[in-house]
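Novice: Sequence:
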Amino acid sequence: MKLLCYIAIMALVTYAVRAVPFVLFRKRITSRFVQDFLYYVPYAVLSAMTIPAVLYATDHMLSAAVGAVIAVVLAFFGRGLLTVALSACGAALAAELVMLYLL
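Here the working numbering is used: the sequence shown runs in plain steps of one and ends on residue 121.
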């Protein structure tokens with residue numbers, strides 16, 4: 019029974035978060051500042067969730083940073099998502115193995 023209450027509460031909260039902006043803002047937003055702010059919110063939230071997860075994905079932050087740098091460099095040069103992901107994982111693994119045997 020408690021589980022159903024938890025699910026119902028989370029459903030209401032999720033619905034409220036999505037419905038309140040439609041109820042409060044019936045007119046089109048004309049403020050350039052608010053439009054720019056809302057445009058960048060998804061990118062900021064995604065970055066705030068992704069970057070800590072990337073840096074704490076391995077035992078050492080240094081090996082995770084190596085993988086992240088490789089991913090950024092390859093993405094900058096236009097490589098595909100699969101190439102970037104596999105190369106970043108491989109670089110993080112290689113850095114982790116090097117630190118394991120050298121340190």
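Keep in mind that the hints are not guaranteed to be accurate.
[Said to hold, decoys possible] Quick list of the computed label-pair ranges, beta carbon to beta carbon: (1) Val72 - Leu42: 28 to 38 Å; (2) Tyr74 - Phe95: 23 to 33 Å; (3) Tyr24 - Asp54: 21 to 31 Å.
Hint data in this document are derived by calculation from the structure and do not stem from the laboratory.
Built from N, CA and C at the ideal position, the CB exists for glycine as well.
Novice: So which hints don't hold here, by number, going up?
Specialist: 3
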